[in-house]
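Make the full structure from the sequences, and use the hints.
Protein chains: 2
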Amino acid sequence: MATKLKTVQFWYEFASPYSYLAAMRVNEVAVAYEVRVDWKPFLLGPVFKQQGLNDSPFNVFKAKGAYMWRDMERICNELDIGFKKPSVFPQNGLLAARLALCDEVRPKRVEFSQGVYLMQFVMGYDISNFVNLHSVLENLGLNSKKAFAQSQSNEVKLALRNQTQWAMENGIFGAPMFVCGDGELFWGHDRLEQAVAWGAGSGHKG
Amino acid sequence: MATKLKTVQFWYEFASPYSYLAAMRVNEVAVAYEVRVDWKPFLLGPVFKQQGLNDSPFNVFKAKGAYMWRDMERICNELDIGFKKPSVFPQNGLLAARLALCDEVRPKRVEFSQGVYLMQFVMGYDISNFVNLHSVLENLGLNSKKAFAQSQSNEVKLALRNQTQWAMENGIFGAPMFVCGDGELFWGHDRLEQAVAWGAGSGHKG
Chain A
2 MATKLKTVQF WYEFASPYSY LAAMRVNEVA VAYEVRVDWK PFLLGPVFKQ
52 QGLNDSPFNV FKAKGAYMWR DMERICNELD IGFKKPSVFP QNGLLAARLA
102 LCDEVRPKRV EFSQGVYLMQ FVMGYDISNF VNLHSVLENL GLNSKKAFAQ
152 SQSNEVKLAL RNQTQWAMEN GIFGAPMFVC GDGELFWGHD RLEQAVAWGA
202 GSGHKG
Chain B
2 MATKLKTVQF WYEFASPYSY LAAMRVNEVA VAYEVRVDWK PFLLGPVFKQ
52 QGLNDSPFNV FKAKGAYMWR DMERICNELD IGFKKPSVFP QNGLLAARLA
102 LCDEVRPKRV EFSQGVYLMQ FVMGYDISNF VNLHSVLENL GLNSKKAFAQ
152 SQSNEVKLAL RNQTQWAMEN GIFGAPMFVC GDGELFWGHD RLEQAVAWGA
202 GSGHKG
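Keeping their order, the protein sequence lines are chains A and B.
At position 123 of the first sequence the residue is numbered 124 (my numbering), and the sequence of numbers has no breaks.
At position 183 of the second sequence the residue is numbered 184 (my numbering), and the sequence of numbers has no breaks.
The hints are simulated quantities; they were obtained by calculation from the structure and are not laboratory data.
These numbers come from a predicted model, not from an experiment.
Check the hints yourself; a few may be wrong.
Any copy will do: because identical chains look the same in the list, a pair fits if it lies in one copy or spans two.
Straight-line Cα separation of at most 27 Å, BS3-like style, residue types lysine-lysine; simulated pairs [to be verified]:
{"id": "1", "residue 1": "K65", "residue 2": "K7"}
{"id": "2", "residue 1": "K63", "residue 2": "K5"}
{"id": "3", "residue 1": "K109", "residue 2": "K146"}
{"id": "4", "residue 1": "K109", "residue 2": "K85"}
{"id": "5", "residue 1": "K50", "residue 2": "K65"}
This is how it looks when you write it as structure tokens:
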């Protein structure tokens, strides 16, 4: 008898370094716990603006930013995944986020998102650039012309706006954020395992 | 033959919730790794001020604050240690930090610091109150009259100022922060194990 898998929402912003780490690992961890992951791209820009910040906290708070880049380097080294600090930070993830929500991309949202992250944080390329995104799409066998057209539709623009609005109204103040079925939030790549365990119902309940 | 133990500095602020968690666990973890912990009380107020914040980030950024209190509740439940949200946050940890640096308290700095945290985050008492600090000191068999007198000396005031200044000049932007012998920083209770492992020389080197 098939049982319905429990779901953990994975909220990610394409420009977010720690979201990159989580994106590369979350599905693997979820499989071990028999949890389904719902990938939710959103924009941090409006979230930070609501907090009174006009830039990434990693730029506003210099020491925190310096720590983060060193920390990324250490973690990627430990996980043995590539890392290159992008020349511009934060990058503009608007187009990538819209693409991720398109019908053409949806069936491969995970692979597309991981591809965008690798392009940004391993190769150091610009993720707001059409040509770069085109190559990610085409590598996955997706119709990039169709995807770009859909990404500019009012429907997709509104979907991303609604998603970001939902995040702000539900306590999501940064990324990555994991939202469990019972509404529990877990913030940061540090909490990936704990979030998935909780979502599976095997975490301690507070 | 006696070998010199490696040291990890543990930088903590008395008003910081995640510092409480780290303070209750760091020595136990360090023993397992044969690492010595150097307890460094400092003040976050001047650090936040330098960042342009006039209050704790947990108050400035409401959603982040709400998350933190729920997170504290979950973690304390999981670790099976007490937790009560203090009625005032952040509390004024100036006097406690000065006391921790006194000659009279130094030999029992760990126990004193843990006592102050328990008073604040388990009992919900005010840690800027003389009477409450007096009871922590006396319970440890310390001479509270002597300790209070020392805490008001220019020497102790300057020591705390210098400690906080060192923190700001060395990339410490929050608490708890762990500083390893090679200068590597690890931020947050989440990173306690990783920091101690690194400090012991058994962490991966980036």
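Taking each numbered hint in turn, which are not upheld by the structure, reported in ascending numerical order?
-> 2
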